[in-house]
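There are 4 protein chains.
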Amino acid sequence: MMRDVLNIGVIGYGYWGPNLVRNFAELTDARVHTVADLNPKALETVARRYPATKVTTDAMDLIRDPEIDAVAIATPVATHFSLAMAALKAGKHVWLEKPMTETSMQARALIDEAEKRGLTLHIDHTFVYTGPVKKMRELVRAGDLGKVLYFDSMRVNLGLFQRDVNVIADLAVHDFSILDYVFGQHPTAVSAAGINHYPGTPENLAYITLFYDSGFIAHVNVSWLAPVKLRSILIGGTEKMITFDELQPSEKLKIYDKGVSMTTDPAKIHDMRVGYRTGDMWAPKVDNSEALLVESRHFVDCIRSGAKPISDGEFGFRMVELIEAATASMRGRGETIHLPSNHNKTK
Amino acid sequence: MMRDVLNIGVIGYGYWGPNLVRNFAELTDARVHTVADLNPKALETVARRYPATKVTTDAMDLIRDPEIDAVAIATPVATHFSLAMAALKAGKHVWLEKPMTETSMQARALIDEAEKRGLTLHIDHTFVYTGPVKKMRELVRAGDLGKVLYFDSMRVNLGLFQRDVNVIADLAVHDFSILDYVFGQHPTAVSAAGINHYPGTPENLAYITLFYDSGFIAHVNVSWLAPVKLRSILIGGTEKMITFDELQPSEKLKIYDKGVSMTTDPAKIHDMRVGYRTGDMWAPKVDNSEALLVESRHFVDCIRSGAKPISDGEFGFRMVELIEAATASMRGRGETIHLPSNHNKTK
Amino acid sequence: MMRDVLNIGVIGYGYWGPNLVRNFAELTDARVHTVADLNPKALETVARRYPATKVTTDAMDLIRDPEIDAVAIATPVATHFSLAMAALKAGKHVWLEKPMTETSMQARALIDEAEKRGLTLHIDHTFVYTGPVKKMRELVRAGDLGKVLYFDSMRVNLGLFQRDVNVIADLAVHDFSILDYVFGQHPTAVSAAGINHYPGTPENLAYITLFYDSGFIAHVNVSWLAPVKLRSILIGGTEKMITFDELQPSEKLKIYDKGVSMTTDPAKIHDMRVGYRTGDMWAPKVDNSEALLVESRHFVDCIRSGAKPISDGEFGFRMVELIEAATASMRGRGETIHLPSNHNKTK
Amino acid sequence: MMRDVLNIGVIGYGYWGPNLVRNFAELTDARVHTVADLNPKALETVARRYPATKVTTDAMDLIRDPEIDAVAIATPVATHFSLAMAALKAGKHVWLEKPMTETSMQARALIDEAEKRGLTLHIDHTFVYTGPVKKMRELVRAGDLGKVLYFDSMRVNLGLFQRDVNVIADLAVHDFSILDYVFGQHPTAVSAAGINHYPGTPENLAYITLFYDSGFIAHVNVSWLAPVKLRSILIGGTEKMITFDELQPSEKLKIYDKGVSMTTDPAKIHDMRVGYRTGDMWAPKVDNSEALLVESRHFVDCIRSGAKPISDGEFGFRMVELIEAATASMRGRGETIHLPSNHNKTK
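Residue numbers (this note's numbering), protein chains in the order written: chain C, 7 to 353; chain S, 7 to 353; chain G, 7 to 353; chain U, 7 to 353.
A portion of the hints provided could be inaccurate.
Since copy identity is lost for identical chains, a pair holds within one copy or between any two.
Restricting the straight-line Cα-Cα distance to at most 20 Å, the calculated cross-link-like pairs of lysine-lysine (PhoX-like) are [to be verified]:
no.	residue 1	residue 2
1	235	291
2	235	258
3	140	314
4	122	95
5	291	260
6	140	291
Simulated from the structure, these hints should not be mistaken for lab results.
Modelling step: build the complete structure from the supplied sequences, incorporating the hints.
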């Protein structure tokens, strides 16, 4: 029997955990019951901000607490598998930060465990819950762009260097999630180049190209070592094209009535001339709700209804698989890696 | 004996030729003697704008004219080799549009011919004559950036689709020339991905990664199929970083006192923590002279003094070699191509 | 009887004159017959660029030349009246740079003279021949904005300080011309503030407010002393709003489906609440032709057909009248100046 | 005797109140003891977010509570005077939202009451606690700009229409506070124009010019009816100029080494020519701390030390006086209003 107000335990109150706690606290049918963190300073901050929330330095206390219904895990990726598996085995629904796990094998094991127990397994790929990404999906799925030709993303800034994941797992994964959600295609091959400029640290910049059987091509440029923050995506179709700049205060998403057409006029055929079409630009109004609040709502709704989250375990698995392939290619100086085609189909 | 006012013949009055004619016309010790073009309409425009300039539809007339000292060639690349070779054999100094030739073997033959006859061979890589690129070179060469880590360029827009060269030869060549001039290093390997979305046309987008022995890495993203025009370069060094956006009306070049430093503090070593340094930004005043006028002046000066142009035949050769390697890699879906190291050294 | 190719004489080859000559030279049914300038250096440049054009240091030679049909005057404003009057008396059609004259009385005398002789009198208010301004007029006249509420322009940069006109006559006049052409209303009062920071020079910054009987209000902020160049206009209507930034490389004109509506719901009346409507943004494709070429074409067409130019003498007169009123208010520290209502009606 | 942890009562949990509560909650030596609001819904939100904070719908309960040391008032301006006076009479220190009061007479009465009782009276002019404004003050006060010539601000957006204050009191007051803090001069006259487009509402756009005896001039353009949000300030000096755009994610503040110099060369005197100087641009690193947290800290420090806040009652009084004068001028269609010179001197 489901509680009227779900009790959520949050493990990890570092960089992202405070955002989870703040958003879960805005829900009316869920609340943050306990926060666990190894750092007592972090727990003092929790206590000052949320005097009614319990705190602990022992994540297992939280996982074992029978009052807790769901566990949100916002810890370094190396701990994702063991904490999530323990939570599932304790019968808790799980919210897991991206990337889901260090390996695709671990991801598969979590999916199976959640499946077996009928528990909700939600991976926090926040981008697919943003207004502009939802609008892009609508436009692409409605065929407004014509045949889609390419996706090109630049996602760079100075820091934060991670010590446990490379820049692909940290930043490119956002583009992988947008690609999966918006286009519903899965790449068949990947080629990547990248470098770690500081010995002993993960790769801090990478250029990844994804090849698709449909002729679509995607490129992702990520870096922790850029002097300016850039978050810009170009999408090209035969009928329309899109730019998305999430750093703009307004008009983040723009749709261009621009394109190229091949001349079929026999008189001009020896020119092999391409024609350009340049029309209006249109910036649709998009939902500006905080994505994490939308996603928190979705998580609790899925727990209550038993529906699969949009970013479920399979979604998270595909992301880990892409990170693995891109990283392998990067370490092979761009060697093309072919992706398995027998994974669960993209939605 | 050199004439007081050099007579220049210009072959090709299509897209770029009018700019050559307009800039040569501003020099006081050179003038445009004849313009050749296959298209009589183009020659009518020349006649209206420059009533004192001769026109012809036969390029060989121009090349053979004993009154002409130098020939500027702004025709499709397929004709570069034969026209330039004919001009050199007729004893003319040559200004040749980029890319120099279709193959590096042709480029080598032109270099040898010019060398043998003591003629100036100038390849029009206009970017190296712009104020911001000169300033970048000064900063890099003076060591202001510290050790240089990466170069990252995005050069995209809608059109113009070329029918005789792919987007690498059309656009990426600009970045290759900036890399050569600013950093004075030559890549040892290249990996590229790209696609032609319209059958029968050259590749219209490409992503190229250049690897250097020093650990430096360069990435170039070019496209004829983007809804917006972008011309932006990021350069990262251990001490300072640069952004260059040639489309800005002012402050095109910005230098950031930003960087990353590895902690060597033993107490923090288990953190493997990276420190960030964020300081001021500085936009130096740069020379805004029209690059093509500076370059025209340089060409005539080199003819008079016998000095090698900055963008001489060897420079042009290295560019063709890179275009060949990047195109080969692209057609091999990113296969790494190793570059010969025995070419003439970069300046 | 009209010549097949009209002969135009241009007086003044300083800042703007070269643009006039370059554009007249592109017309097929007109040509630049003679250029006059007091500066022999300027005439040398003309001779180098246009060997077939005659040059003279004596403007009266040009004005008296029976081969010349029309005279374009691009000299300091203090000479506009006498040169234009001489040209009209010599039976020439006249193109006169803005501002038309130093005083509205002089402007009226030129209008009368041109009228009497059946000659075309064209004032060069270039902005009304640009694509974006034409599009704004279309939108406003079609009622797409609803009731228009305000116009707000910022037009500032560093220099060029003029010595013969203040910043209102130099820069604000562009906004006055756009206001007249787009809205077809004439202000009934004007209030201005401004200052000359350098003794002995004209006012170098000014803030002008124009009041209209319809409730519409316009504000113009002009300066020669700003560190950056800004050219931005906001227009507000009850249904839609416009931004125009002429410095953008594309999407200069944007139309916002945004507005405000007063609640008429009696239940909310004690709140006196205002509702906001935020919809899509739309950037229409606009004609990017060089305005001066369009205007040159229009001038020659008007000479041939006898039609009144869009920016005819009456248009120029209204502009001079506004400059006079705004300058008078500025010198009275913002004192409101009421404008005569009996001038020729705005189109 | 001062409590170790000060107890603050906050009146008003509407638009701004939540920000006050959130920032006071981050202090370690103060806490939010009680929140009062007429709206029970608002109090429910407080209870959910801050379970340890008391709530009440009766502001007088809060004011009379002997456990409370300081009262922060974030209510409509019409209630400022009576609530603040009641709080001072109850012996509480007071934090009062801007504008301080409806009239300068009310402001003076509050200053006198606080003075008499030795209580801290702090007016929330948040801008003077931001990093960029502090940096501007440093630059101006150090003489880096040379003689300051002008200040020009544009502060417009769509909404929020206020029903109790006009756009001058809502938005221009921010510029008045920046002018006072940065330049330390008080204007001697003000001229304003403005309009209310919706009957029964306060003026929704206004253009205000402030005149200073030193020759400095300031202009402020504010509107609730603009399609885009703009927050941009230009400052000109004889040596350097500044731009400040608070909406930029970085490089909000830029300093231009640009200026104008009058020729004193006798040979050029008949030209009356002005020379332009264009040098580098420099964007200093500025403190990005949340201003409201800095200001909260300052308020508590002033209570503890007895020091006057930067934005004390006198500061707030000068702001109200300017709002009154500008509003009077606006209602007189730009009539110049002279300001009293016998007010307490600007710091």
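Quiz item: At most 20 Å between C-alpha atoms: does residue 235 with residue 258 qualify within a copy, between copies, both, or neither?
Solution: both (15 Å within a copy, 14 Å between copies)
Quiz item: Is it within, between, both or neither when you check residue 140 against residue 314 at 20 Å Cα-Cα?
Solution: within (18 Å within a copy, 52 Å between copies)
Practice problem: Tell me, please, which holds for residue 122 and residue 95 at an alpha-carbon limit of 20 Å: within, between, both or neither? | Solution: The answer is within: 10 Å in one copy meets 20 Å, while 68 Å across copies does not.
Quiz item: For residue 235 vs residue 291, is the C-alpha pair at or below 20 Å within one copy, between two copies, both, or neither?
Solution: between (24 Å within a copy, 16 Å between copies)
Quiz item: When no copy is specified for residue 140 and residue 291, does a C-alpha distance of 20 Å or less occur within a copy, between copies, both, or neither?
Solution: Result: close within a single copy only, 12 Å intra versus 27 Å inter.
Quiz item: Which holds for residue 291 with residue 260 at a C-alpha limit of 20 Å: within a copy, between copies, both or neither?
Solution: The answer is both: 10 Å in one copy and 14 Å across copies each meet 20 Å.
Hint check: no violations occur; every hint is consistent with the structure.
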